[in-house]
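Trainee: One-letter residues, chain by chain:
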Amino acid sequence: MTKGAGLEEIEELYRSRYRYFVQVARAVVGDEASAHDAVQDGFSQAIRKRGSFRADGPLEAWVWRAILNSALSVRRRSGVFGPFELAPEPATSDPRSEDEEIRAWIAALPERQRLAVFLRHYADLDYRAIAAALGVEVGTVSATLNAAHAALRHSISTPEEVSP
Amino acid sequence: MSSFDKKITSVLVRTVPLPTGAGRDWEDVLARAEVSTRTERTRRLLYSVAFAAVLAVVLAATPLGAVIAHGFGDFSEWLSGKPGQPASVAEQKTIERGERRLARYSWTTFPKGAKLRRLITVTRDGIEYKLFGYRAGDMFCLRLSTPGALLPYASCAPKSELTRRMKPALALYVDAPVFEREKTDWTTELMTGQKTQLVRKASVTFGIVSDGVTSVRGLTRSSILEGIVAADSFLIVTPRHEKIKSNLQRPRETLGFKQRLRSIVASDAAGDKVKTWVAGVDNEYATGALAAPLSGPKFRMAKRQVTGVKIAWLERREPRGTPLSPLFWLTNGFPQCGLECKVYLETHDVVFSRQLAPDPGGVVRIAVSLRRNGDACFAVAFPRRIFWLNETCIPKQDLSSWSRSEASTFHVSLGMDVSNGNQYYIRAGLVDDHVRRMTLFFSSGKQTPVVIRDNAYVYGVPATDDRVRLVAFNSANRVVGVDAG
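Chains as they are written, first to last, in my numbering: chain A, 1 to 164; chain B, 165 to 649.
Chain A with its partners taken away, still in its complex shape (with noise of 0.2 angstroms):
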């Protein structure tokens, strides 16, 4: 059974989430200017398969779907990395400093995971939203996350998470 969503809602989401879609998108292809084109590439497809939209979830999370789906597109066609694509390398033989060590963390994470983990730290999404996004589960939302955010205190071994 499809509702389908209204070109209204639509451009109101674009006008008023625009710079989330970018930031996102650009964490993925790298560039602005490919995140740009992504989002507007994403809002199109959303427009034009609007009348298949469920009403299941929210409008947002059926249109980052959308606009994920198309960074992923630009970015296998440029073929670039994404920012958060390769472990940063250190400078020296010292240790990692504790962002390079969450950047490597994010490096090292299936791409949909990272996908997770820019939606709720960029886009400020809750599980039921990113589980639309990302089509799985809210409980496999929670257990990614989870499941990463354990990872990482491990890796920059924070005092108070080793301390009994």
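Since the hints were made in silico from the structure, they are not lab data.
As a list, the in silico EDC-like pairs of lysine to aspartate or glutamate whose alpha-carbon atoms are at most 16 angstroms apart:
hint	chain 1	residue 1	chain 2	residue 2
1	B	K365	B	E292
2	A	K49	A	E60
3	B	K439	B	E390
4	A	K49	A	E11
5	A	K49	A	E9
6	B	K294	B	E255
7	B	K170	A	D99
8	B	K331	B	D436
9	B	K170	A	D124
10	B	K171	A	D99
11	B	K170	A	E98
12	B	K171	A	D124
13	B	K171	A	E98
14	B	K331	B	D238
15	B	K474	B	D618
16	B	K474	B	D597
17	B	K246	B	D375
18	B	K359	B	E346
19	B	K171	A	E100
20	B	K323	B	D238
21	B	K171	A	E101
22	B	K365	B	E344
Beyond 12 angstroms from chain B on every Cβ pair, some chain A residues (computed):
hint	residue
23	G4
24	A55
25	P58
Simulated restraints on C-beta separations:
hint	chain 1	residue 1	chain 2	residue 2	range
26	A	G6	B	V429	47 to 53 angstroms
27	B	T184	A	R54	30 to 36 angstroms
28	B	I388	A	R128	44 to 50 angstroms
Note that the coordinates shown come from a computational prediction; the quantities given were computed from them, not determined experimentally.
Just so you know, even glycine gets a beta-carbon here, dropped at the ideal spot from N, CA and C.
With the hints as your guide, set chain B onto chain A.
Mentor: Just chain B, lined up with the frame of chain A:
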């Protein structure tokens, strides 16, 4: 949001700040939507014509299946477990030692007791590549060892894939990047302060072939690459890479779009050829999201679908599988985990925990634990890893009342997506007591049973055919649950 979450957010925002908002152009979106609609119509017309042409060719040809199976042989060398030569003791030890350092990045750990086989050793442009094989339960695995790899490249295919496969080549990893450290030029050094940088020198694709295959070629958009075939395996090195501007505005060698492997062609001694498409890097969303809906058989659901997950032996605290305790972690490669795991178990009030092995010789374990408040938690674990991955918990009330929970229907899925280039997604989970058997239906029409042991299951899905349905049947052979996998 915790301080820890805020820390992650701040690093992310420092790396990619929120843009100013300039460039917003709704009219452009509308124009693109209109143009794409027209393009789509044209594309559909072209597809219709192409489909008709292909159909005509297929109808004129001999049915492929039996011919392929006969001409190229089957995978019996792999299924019998004897491809290549045994690895030396030193090689085996090196891989086992390397696990500790690499385990945090890799889902495919090298299982204890597995015997390594040396398949291909080759040097290209001064870089040595060693391909090893091993069997892990019902999985057949390849592992590439090369000094230029930042991460371990290992991937496995389920036995069912080899026994049923109608094509003679099976890629397990595509376009794995290989790097070399090079001195930076003076401008880069000035800008970044780094005297050396990692440069992508090549990419590697490897996989399994059937017994009769004598050569393998890799096809990209711009070239044909001759692969190395030995010990029923193949390895293709893509050596040249485009120099492009990265997001940091400095030149970086990378794998250009035209150089990504799209398919492999296997030939036998008689010169017969069979092409196999591979799932290139970043393919995950190519078939998902707004793509066409899954086709395949329709399933009539039973009158009463199973909701919630009830596992009687867990409620009875029956000691299925093997114990899961801090000692487990201590003895499995991470001594520093002792205190951490003890803290973890205590702070989470774990009153009962077990480790299940849906495929006893395989690489995946499932950790199950009951909490003092009655919640049941599940996680994927690896024999040599420190962390439980994808942990998810079901509140006690959902277990006892069987109410519908968003996190669970007839099963709890702990799916793992693997790194780019890996040709299989691995999914593991637990099913309700009502589930007697499960079958995986692929959109291509293929189907394969999923083994259930102590309510736990694991299966691998080819990335090229990942639109699957997992169908659960009860003891009366009625469908009690369908999941998109």
